[in-house]
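Trainee: Sequence:
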Amino acid sequence: MNRITIQNENRLRVLDILKNITTAESPGGWKRHTTIAVGGLTEVGFSKRTNDLLVISSSGRGLINCMTGEKIARDYEEYGDWYDPVNLVCQGIGRVEDEFIHISGLCGGGLPFVNRYGESLERVAPDWPVEDVILCPPGKAALISSFQEGCVRFISDYIRAVGFSWCGEFLVCATSSDVTVWKREP
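Be aware that the sequence shown starts at 1, since it is given in the numbering used here, and climbs by one per residue.
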């Protein structure tokens, strides 16, 4: 078999496994909380001290309070010494201005893919560059047929960054044009 045939067979196998996963706007136990348009979005990162999300774009930084879904701070300074894409950190603004926040997006990095409740996120891209994000309950896995129960596909987009907050109560998906935050329901 040649390489292309093997790749096509593997893609079909993955698609067959994924067809059994439920698709919903929000996984069970989560609520889509807010979506904010952000032109030129490059990276995002969660504060480790507060329930805030730092959003970095080609025209500055914004800070979103994940509890309320509101934008609580904004600056319009293009990449200054507050932005370090090599070390994947960015200085916060507003009430987190003294915190350097780990970022994920165009320059790499990553947000947590597992939260304190044991839930995990899986990114799959059988139709790359469009990626699907699947939330898996504790002990479950999207790509193993016998372990898919409860897994839910809730994102299908050109993803810049995705992951849980450090506290595990929020999750974010960022594209080049917007950021969406989900909030865990009590």
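Just so you know, the hints here were simulated from the structure itself, not pulled from any lab data.
Just so you know, these numbers come straight off a predicted model, no measurement behind them.
Among these hints, one or two may not hold up.
Claimed, not checked - Cross-link-like lysine-lysine pairs, in silico, DSSO-like; alpha carbons within 30 angstroms at most: (1) 140 with 19; (2) 19 with 71; (3) 140 with 71; (4) 19 with 183; (5) 19 with 31; (6) 31 with 140; (7) 183 with 140; (8) 19 with 48; (9) 48 with 31; (10) 31 with 183; (11) 71 with 183; (12) 183 with 48.
As the list claims (entries may be wrong) - Here are the computed distance ranges between Cβ atoms for each label pair: (13) 125 with 32: 16 to 24 angstroms; (14) 49 with 70: 13 to 21 angstroms; (15) 110 with 77: 33 to 41 angstroms; (16) 48 with 13: 13 to 21 angstroms; (17) 113 with 19: 38 to 46 angstroms; (18) 19 with 49: 40 to 48 angstroms.
All C-beta atoms, glycine included, are put in the ideal place defined by N, C-alpha and C.
Trainee: Against the 30 angstroms threshold, does the CA-CA distance of residue 19 and residue 71 hold or violate the hint?
Mentor: Violated: residue 19 and residue 71 sit about 37 angstroms apart, past 30 angstroms.
Trainee: Mind checking the alpha carbons of residue 48 and residue 31 for me, to see if they're no more than 30 angstroms apart?
Mentor: Within the cut-off at roughly 22 angstroms; holds.
Trainee: Take the C-alpha atoms of residue 71 and residue 183, compute the straight-line distance between them, and say whether it is at most 30 angstroms.
Mentor: 16 angstroms, holds
Trainee: Quickly compare the C-alpha distance for residue 19 and residue 183 to 30 angstroms and report which way the hint goes.
Mentor: Holds, at about 26 angstroms.
Trainee: Okay, residue 113 versus residue 19 on CB: inside 38 to 46 angstroms?
Mentor: For residue 19 against residue 113, whose Cβ atoms are near 23 angstroms apart, the range 38 to 46 angstroms is violated.
Trainee: Given the hint that residue 183 pairs with residue 140, test it: the Cα-Cα distance must not exceed 30 angstroms.
Mentor: 21 angstroms, holds
Trainee: Can you confirm whether the C-alpha distance between residue 140 and residue 19 stays at or below 30 angstroms?
Mentor: Holds - the C-alpha atoms of residue 19 and residue 140 are around 16 angstroms apart, at most 30 angstroms.
Trainee: 40 to 48 angstroms was suggested as the range; check whether the CB atoms of residue 19 and residue 49 agree with it.
Mentor: Hint holds: Cβ distance 42 angstroms, inside 40 to 48 angstroms.
Trainee: Need the status of pair residue 31, residue 140: alpha-carbon distance at most 30 angstroms?
Mentor: Holds, at roughly 20 angstroms.
Trainee: Could you say whether the range 13 to 21 angstroms given as a hint is met by the Cβ separation of residue 49 and residue 70?
Mentor: The hint (13 to 21 angstroms, Cβ to Cβ) holds, given that residue 49 and residue 70 are roughly 18 angstroms apart.
Trainee: Quick one: are residue 48 and residue 13 within 13 to 21 angstroms, going by C-beta?
Mentor: Once the Cβ atoms are compared, 39 angstroms apart, the range 13 to 21 angstroms for residue 13 and residue 48 is violated.
Trainee: Given the hinted pair residue 31 and residue 183, is their alpha-carbon gap at most 30 angstroms?
Mentor: Holds, because 5 angstroms separates the two Cα atoms, which is no more than 30 angstroms.
Checked against the numbered hints given earlier, the structure breaks hints 2, 3, 8, 15, 16, 17 and satisfies all the rest.
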